[in-house]
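**Q** The lines below spell out each chain.
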Amino acid sequence: MANLFDLKLVFTQIPKIVSYLPVTLQLTAVAMLIGWIFGFLLAMVKKKKIPVLSQLAAVFVSVMRGTPIIVQLYLSYFGIPILLKYINFYRGTNFNINTVPPIVFAMIALGLNQSAFDSEIIRAALGSVDKGQIEAAKSLGMTRLQILRRVTFPEAMVVALPSLGNSLISLIKGTSLAFTCSVVEMAAEAKIMGGNSYRYFEAYCSLAIIYWVLTFLIEKIFTYLEKKFSVPEKAPRSLAAAALESEEVTV
Amino acid sequence: MRKNKVIKLVSLFTALSLLAAMLTACGQNSGDSDVNNSGSDIAAESDTEEVTVYAATGGSPKPFTYVDESDNLVGHNIELIEAVFERLPQYHLEIEITDFSSIFAGLDSDRYQIGVNNFAMNEERKEKYLFSDAMFENRYVAIVAGDSTEFDSIESLSQFDGKSYVGNAGVNVTTAVENYNEENPDNQIVINYTEADLVIQLQDVEAGKYDFLLMDKPMYEYYNAEYNFNLKELDLSDDVSSSVMAEPYSFFIVSKGNEELLENINKALAEVIADGTSKEINEKYFEDDYTPYSE
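Listed in order, the protein sequences are those of chains A and B. Residues 1 to 251 in the numbering used here are what the first sequence lists, from first letter to last. Residues 1 to 295 in the numbering used here are what the second sequence lists, from first letter to last.
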């Protein structure tokens with residue numbers, strides 16, 4: 001009987017694929033930060049309706065959300081060199097794109113893509129904060145920064161967190177396309193190992209296990225964060241009041 | 001109180017992410033610094049300076065190009081291009097591993113100058129890229145079930161009249177069978193098209209679902225070593241071989257505009273073939289010599 005599925009290999013090759021986890025995490029971490037920071041800026045531009053900029057932001061978000069991430073990776077990694085070739089030709093300069101490490105292109109492409117999604121999440125979250133709350137804070141004499149820190153940010157965070165977690169998970173899986181930019185991360189390593197052993201199916205199975213465990217951990221982290229950030233419905237009561245209340249119920 | 005904890009948590013997370021980012025940047029810089037120094041535009045090459053040439057490979061199929069257990073890029077194509085560039089001291093060769101389709105995009109944008117992936121020639125590719133001289137001569141075999149005793153070798157595809165064939169649409173072996181059917185309307189081979197992996201196709205032939213398939217010999221031998229099929233390979237006569245592929249050669253491809261580089265590669269490749277280096281590499285990977293000797 002032919003040896004069609006090597007179950008042992010699925011598990012034995014996991015450590016070798018996991019040795020490329022740092023690359024995946026670096027890609028994810030940097031893209032996530034770009035996504036958050038640039039996404040926040042985009043959200044502010046859209047929220048404040050700054051002329052010209054807000055229209056540009058709308059186009060950017062629409063294009064980034066409306067095109068596949070693999071296409072964006074291609075455009076960044078191969079489009080920029082083509083552009084550079086033209087610049088070199090017409091301006092007589094001698095820029096060389098190969099001096100820039102490939103991972104930078106992947107980080108930027110993934111980060112910009114992420115920022116488009118995150119900007120919408122952040123904009124919606126900021127919009128969800130009740131105006132009455134902000135007015136109340138103003139009437140208490142808080143400065144704008146204080147309001148942002150003590151009222152808007154904590155409340156918006158609760159709304160944004162689950163969606164940000166969601167978009168982080170899709171980003172992690174998006175990093176598996178970075179091989180198009182010659183970045184060898186976990187998915188690329190699995191492909192390469194499949195090329196050596198002719199066992200692509202087993203390699204993809206290993207990969208599925210690793211990504212699932214990884215996203216499971218992230219889900220857990222975000223559940224924990226959501227708990228931490230959650231604003232209680234009622235004002236927290238003192239222990240004494242709680243004790244009193246429970247006594248009343250039992251009586 | 002709670003807020004403080006939250007701020008701590010967020011700042012910790014940010015700090016960790018930044019650290020990761022910095023590590024990346026550092027790692028990349030130290031790894032690439034030597035490339036930077038010697039890197040310069042291929043178009044602006046001068047004879048005194050060592051020019052860096054970037055080659056791209058997909059890292060598959062084995063044994064032509066693959067990464068071994070100790071993470072080294074090896075294979076017939078890889079060793080051959082390295083042997084070629086050993087004879088070209090004016091160039092410094094950097095081989096990058098990338099997604100297969102990225103090889104072409106990279107050649108188009110001049111990010112890579114050479115594609116190393118056991119490429120065969122076709123009209124579309126010939127229009128877009130420069131081809132080196134042949135560096136590998138392929139051989140095809142017919143694969144039948146292991147207990148089949150009907151034939152010892154294939155002199156003509158007519159031996160398969162009425163039998164069923166399995167293969168991917170659009171590949172050269174399937175086209176050969178289609179052409180045979182067109183030329184012999186009375187003696188048809190039953191073609192079954194599939195998108196399945198070669199492993200599945202081989203398994204189907206083994207199980208008797210289909211009678212035969214055609215594939216290249218070195219690839220089959222590697223598959224069989226891994227999967228240990230109960231199959232038989234039948235050599236094809238020259239006539240059948242040339243119907244499968246008139247020019248069964250593989251080439252290095254070079255991006256347009258690098259004609260001088262191509263000329264140098266061809267010169268060095270001829271040396272590598274003439275002095276037996278190519279034969280050595282072939283025997284190492286295939287236990288047989290597939291070097292294309294010009295007559």
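Keep in mind that the hints were calculated from the coordinates and are not lab data. Among the hints, erroneous ones may be present.
[To be verified] Using 27 angstroms as the maximum straight-line C-alpha spacing, the simulated DSSO-like pairs for lysine-lysine come out as follows:
#1 B:Lys126 with A:Lys85
#2 B:Lys267 with B:Lys232
#3 B:Lys232 with B:Lys128
#4 A:Lys85 with B:Lys256
#5 A:Lys220 with A:Lys16
#6 B:Lys279 with B:Lys267
#7 A:Lys85 with B:Lys128
#8 A:Lys49 with A:Lys138
#9 B:Lys279 with B:Lys217
Source: prediction; values computed, not measured.
**Q** Now tell me if each hint is right for this structure.
**A** Checked hints:
no.: 1; hint: B:Lys126 with A:Lys85; result: holds (23 angstroms)
no.: 2; hint: B:Lys267 with B:Lys232; result: violated (40 angstroms)
no.: 3; hint: B:Lys232 with B:Lys128; result: violated (39 angstroms)
no.: 4; hint: A:Lys85 with B:Lys256; result: holds (13 angstroms)
no.: 5; hint: A:Lys220 with A:Lys16; result: holds (25 angstroms)
no.: 6; hint: B:Lys279 with B:Lys267; result: holds (17 angstroms)
no.: 7; hint: A:Lys85 with B:Lys128; result: holds (17 angstroms)
no.: 8; hint: A:Lys49 with A:Lys138; result: holds (22 angstroms)
no.: 9; hint: B:Lys279 with B:Lys217; result: holds (17 angstroms)
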